[in-house]
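From just these sequences and the hints, can you work out the full model?
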Amino acid sequence: MQTVVYLVDVGFSPLTAATAFGLIGMLSVCSVAMSGFLSDRYGSRETVSASFIGTGVGIVLLFAMTFLPYGWLLGVYVLVFGLCQGMRGPIISSISTKYFAGPRVSTIYGTIYATNAIGAAIGALAGGVLHDLTGGYRAGFLFSMAAMAFAVAPFWMVPVLRNYK
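For the numbering used here, add 557 to where a residue sits in the sequence shown, where the first one is 1.
Calculated from the structure, these hints are not laboratory results. The model shown is predicted, which means the values in this text are computed figures rather than measured ones. Don't take every hint at face value.
[Unchecked claim] Here are the simulated SDA-like cross-link-like pairs (lysine to any residue), alpha carbons at most 20 Å apart as the crow flies:
(1) Lys-655 to Tyr-599
(2) Lys-655 to Gly-676
(3) Lys-655 to Gly-593
(4) Lys-655 to Ile-669
(5) Lys-655 to Phe-594
(6) Lys-655 to Pro-711
(7) Lys-655 to Arg-602
(8) Lys-655 to Val-589
(9) Lys-655 to Gly-667
(10) Lys-655 to Gly-600
(11) Lys-655 to Pro-716
(12) Lys-655 to Val-717
(13) Lys-655 to Tyr-666
(14) Lys-655 to Trp-713
(15) Lys-655 to Thr-668
(16) Lys-655 to Leu-595
(17) Lys-655 to Arg-598
(18) Lys-655 to Val-565
(19) Lys-655 to Asn-720
[To be verified] Just the calculated beta-carbon pair ranges, DEER-fashion:
(20) Ala-575 to Arg-695: 15 to 25 Å
(21) Phe-624 to Thr-654: 25 to 35 Å
(22) Ala-683 to Pro-571: 22 to 32 Å
(23) Gly-667 to Val-589: 12 to 22 Å
(24) Val-633 to Ala-590: 29 to 39 Å
Just so it is clear, CB atoms sit at the ideal spot from N, CA and C, and this is done for glycine as well.
Okay, here's the thing in structure tokens:
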């Protein structure tokens with residue numbers, strides 16, 4: 558999704574939209590920092606799942622601003638989405654290090670990270686293409702939710718990940 562452009566389209570000023578986007582990035586630093594603690598306390602699968610749920614809630618809040626472009630709603634979105642955005646990275650790194658320990662761990666993790674970056678690029682492109690094809694953001698939001706469900710599925714369906722502590 559093109560978050561800043563979307564927020565401007567629904568009525569926020571460019572400065573407000575860019576500030577919200579920047580705050581999300583700053584909050585993601587906090588989520589990276591607290592992911593290890595939460596994973597140790599509640600479990601990796603549970604923490605990753607909660608972060609995906611929070612991301613989904615953030616996407617729903619963002620979509621709701623199509624109809625309700627309120628500042629407080631933007632604030633809740635920034636808080637929820639920002640605190641969930643970076644949480645999965647350290648956990649996935651930990652899991653890959655445990656299961657693929659050895660001389661190839663850096664190649665395996667690099668592949669995971671590169672795939673994540675490619676997915677982000679495809680998501681941004683798909684959001685723009687879907688907007689151009691449909692004239693709105695609804696299809697992009699649905700695509701985002703589907704991609705998120707696809708990303709969390711292995712944590713519930715793959716036995717090794719489902720039982721990871």
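Each hint tested on the structure:
Only pairs whose Cα atoms come within 20 Å are accepted, and Lys-655 paired with Tyr-599 is accepted, the gap being roughly 18 Å. Pair hint Lys-655 plus Gly-676 does not hold up; C-alpha atoms about 24 Å apart against a cutoff of 20 Å. Using a Cα cut-off of 20 Å, the hinted pair Lys-655 and Gly-593 holds, with the two alpha carbons roughly 14 Å apart. For the hint pairing Lys-655 with Ile-669, the CA-to-CA distance comes to about 14 Å; that is within 20 Å, so the pair holds.
Distance restraint check for Lys-655 and Phe-594: the Cα-Cα separation of roughly 17 Å lies within the 20 Å cut-off, and the hinted pair is therefore satisfied. Taken as a hint, the Lys-655 and Pro-711 pair is honoured in the structure, with Cα atoms around 17 Å apart against an allowance of 20 Å. With a C-alpha separation of about 15 Å, the suggested pairing of Lys-655 with Arg-602 holds against the 20 Å cut-off. Of the supplied pair hints, the one linking Lys-655 and Val-589 holds, its CA atoms being roughly 19 Å apart against a limit of 20 Å.
Using a Cα cut-off of 20 Å, the hinted pair Lys-655 and Gly-667 holds, with the two alpha carbons roughly 15 Å apart. Distance restraint check for Lys-655 and Gly-600: the Cα-Cα separation of roughly 15 Å lies within the 20 Å cut-off, and the hinted pair is therefore satisfied. With a C-alpha separation of about 15 Å, the suggested pairing of Lys-655 with Pro-716 holds against the 20 Å cut-off. This hinted pair checks out: Lys-655 and Val-717 have alpha carbons roughly 11 Å apart, not beyond 20 Å.
Pair hint Lys-655 plus Tyr-666 holds up; C-alpha atoms about 11 Å apart against a cutoff of 20 Å. Using a Cα cut-off of 20 Å, the hinted pair Lys-655 and Trp-713 holds, with the two alpha carbons roughly 18 Å apart. Simply put, Lys-655 and Thr-668 have alpha-carbon atoms about 16 Å apart, close enough for the 20 Å limit, and the pair holds. Of the pairs offered as hints, the one joining Lys-655 and Leu-595 holds, with about 18 Å between alpha carbons and a cut-off of 20 Å not exceeded.
For a cut-off of 20 Å, the pair hint linking Lys-655 to Arg-598 stands: about 18 Å separates their Cα positions. For a cut-off of 20 Å, the pair hint linking Lys-655 to Val-565 is broken: about 44 Å separates their Cα positions. Taking the CA atoms of Lys-655 and Asn-720, the gap is near 13 Å; set against the 20 Å cutoff, the hint holds. A hinted range of 15 to 25 Å for the beta carbons of Ala-575 and Arg-695 is consistent with their spacing of about 23 Å.
For Phe-624 and Thr-654, the Cβ-Cβ distance of about 44 Å falls outside the hinted range of 25 to 35 Å, so the restraint is violated. Against the hinted window of 22 to 32 Å, the Cβ-Cβ separation of Ala-683 and Pro-571 comes to about 24 Å, which satisfies the hint. The beta-carbon spacing between Gly-667 and Val-589, approximately 18 Å, falls within the hinted interval of 12 to 22 Å. In this structure the hint that Val-633 and Ala-590 lie 29 to 39 Å apart at CB is violated, the actual value being about 21 Å.
Checked against the numbered hints listed earlier, the structure breaks hints 2, 18, 21, 24; every other hint is satisfied.
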